[in-house]
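Engineer: 1 is the number of the first residue of the sequence shown in UniProt numbering; add one for each residue after it.
Hint data in this document are derived by calculation from the structure and do not stem from the laboratory. Among the clues, some could well be false.
[What the hints assert, rightly or not] FRET-style restraints, in silico, Cβ to Cβ:
1. K20 - S191: 48 to 58 Å
2. P194 - D50: 39 to 49 Å
3. Q139 - K20: 16 to 26 Å
4. A237 - K265: 16 to 26 Å
5. G242 - Q212: 23 to 33 Å
6. K38 - K260: 48 to 58 Å
7. K38 - H208: 29 to 39 Å
8. Y37 - Q215: 40 to 50 Å
9. N55 - Q267: 52 to 62 Å
10. K275 - Q212: 51 to 61 Å
[To be verified] Dumping the calculated DSS-like pairs for lysine-lysine here, alpha-carbon to alpha-carbon at most 25 Å:
11. K20 - K38
12. K265 - K195
13. K121 - K281
14. K20 - K74
15. K195 - K157
16. K188 - K157
Ideal placement from N, C-alpha and C gives every residue a C-beta, glycine not left out.
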Amino acid sequence: MKISLLGHGKTTLALGRFFKKNHNEVKFFDDKFTSFYKDSEGFLCYPSKDFNPNNSQLEIVSPGISFTHPLVIKSKHLMSEYDYIDSLFDHSFTPTMISISGTNGKTTTTEMLTTLLEDFKAVSGGNIGTPLIELFEKQSPLWVLETSSFSLHYTNKAYPLIYLLINVEADHLTWHCNFENYLDAKLKVLSLMPKTSLAILPLKFKEHSSVQNSQAQKIFFDHSEEVLERLEIPSNALFFKGAFLLDAALALLVYEQFLKIKNLKWQDYRENALKRLNAFKIGSHKMEEFKDKEGRLWVDDSKATNIDATLQALKTFKNQKIHL
Numbered sequence: 001m002k003i004s005l006l007g008h009g010k011t012t013l014a015l016g017r018f019f020k021k022n023h024n025e026v027k028f029f030d031d032k033f034t035s036f037y038k039d040s041e042g043f044l045c046y047p048s049k050d051f052n053p054n055n056s057q058l059e060i061v062s063p064g065i066s067f068t069h070p071l072v073i074k075s076k077h078l079m080s081e082y083d084y085i086d087s088l089f090d091h092s093f094t095p096t097m098i099s100i101s102g103t104n105g106k107t108t109t110t111e112m113l114t115t116l117l118e119d120f121k122a123v124s125g126g127n128i129g130t131p132l133i134e135l136f137e138k139q140s141p142l143w144v145l146e147t148s149s150f151s152l153h154y155t156n157k158a159y160p161l162i163y164l165l166i167n168v169e170a171d172h173l174t175w176h177c178n179f180e181n182y183l184d185a186k187l188k189v190l191s192l193m194p195k196t197s198l199a200i201l202p203l204k205f206k207e208h209s210s211v212q213n214s215q216a217q218k219i220f221f222d223h224s225e226e227v228l229e230r231l232e233i234p235s236n237a238l239f240f241k242g243a244f245l246l247d248a249a250l251a252l253l254v255y256e257q258f259l260k261i262k263n264l265k266w267q268d269y270r271e272n273a274l275k276r277l278n279a280f281k282i283g284s285h286k287m288e289e290f291k292d293k294e295g296r297l298w299v300d301d302s303k304a305t306n307i308d309a310t311l312q313a314l315k316t317f318k319n320q321k322i323h324l
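Full structure from sequences and hints, please.
Structural biologist: Laid out in structure tokens, this is it:
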């Protein structure tokens, strides 16, 4: 099979190795190439302008490439990474998938949930570290996927058992062209999800047509205290604050719902879940606090990727004098 991989990055390189092992003809196309050459793994790499859709039987696009790019527009057999992986599933292997998306907090929540689900052999992937094709080759039974709006935009078939959408604020507007397209991408997966699946969504999107028309079961949330109350957990039982408290609460909610689907009792797992979560360490440069010799509190939140993340961080210290 003649396969064109659009973009030369971590996701498509992992797919390229898989296709190469299975004796497919693989070509990479990327704007960063100015002329044909072979990369360090022997893959054939071409400038984007050299792409000819008539010489290709399958195109898989790197999520970072916009739908407005000529490579995408010219493609005749375009698939997302998610849809291609979904096409490989059969009676011998189909993993359980949980997808987590949102403008902010998805990496931390994905890491937290993977920690909670360790006993079920959960592994994380997608945006966070491991490409899906590598999870497939490892035959991991439970996937916790950090899923970007880019991947959601290109996906037309694959869907998770549980979809958590943490939040949607103005971001990636250059890629999506406007906020409406960005929100539509975040909600698109709802149209693919059947009655046996579950979507956990911000309350403010309850009346959105994509939400109303979805067959998936739905749980809505507004703030961390409400989520923890539902789980019968006092807010002081967790060692997190601000946006991280919501991340932790939502990770626990997804965990509780996963147990429910497995016909397991939340009460039997709750205390151990709290212990595991409280032992979880937030990554460096994420609301990282330290004091100088004068006793002044400094907060390193340099991994915040947009204005909304900074605004959420400021709420944590709303009763204190703040210098930015």
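Engineer: For each hint, tell me whether it holds in the structure or not.
Structural biologist: Now for the hints, and whether the structure bears them out:
1. K20 - S191: 48 to 58 Å: violated, 34 Å
2. P194 - D50: 39 to 49 Å: About 41 Å separates the Cβ atoms of P194 and D50, which means 39 to 49 Å holds.
3. Q139 - K20: 16 to 26 Å: holds, 20 Å
4. A237 - K265: 16 to 26 Å: The hinted range 16 to 26 Å holds for A237 and K265, with Cβ atoms some 19 Å apart.
5. G242 - Q212: 23 to 33 Å: Given a distance of about 31 Å, which is inside 23 to 33 Å, the answer is holds.
6. K38 - K260: 48 to 58 Å: holds, 51 Å
7. K38 - H208: 29 to 39 Å: Violated - the Cβ-Cβ distance for K38 and H208, about 48 Å, lies outside 29 to 39 Å.
8. Y37 - Q215: 40 to 50 Å: Check passed, 48 Å falls within 40 to 50 Å.
9. N55 - Q267: 52 to 62 Å: Holds, at about 59 Å.
10. K275 - Q212: 51 to 61 Å: violated, 39 Å
11. K20 - K38: Holds, at roughly 14 Å.
12. K265 - K195: Within the cut-off at roughly 22 Å; holds.
13. K121 - K281: holds, 20 Å
14. K20 - K74: Measuring from Cα to Cα gives roughly 24 Å; hence the hint holds.
15. K195 - K157: With a Cα-Cα distance of about 15 Å, the restraint between K195 and K157 holds, given a limit of 25 Å.
16. K188 - K157: Given that 25 Å is the threshold and the Cα spacing comes to 11 Å, the pair holds.
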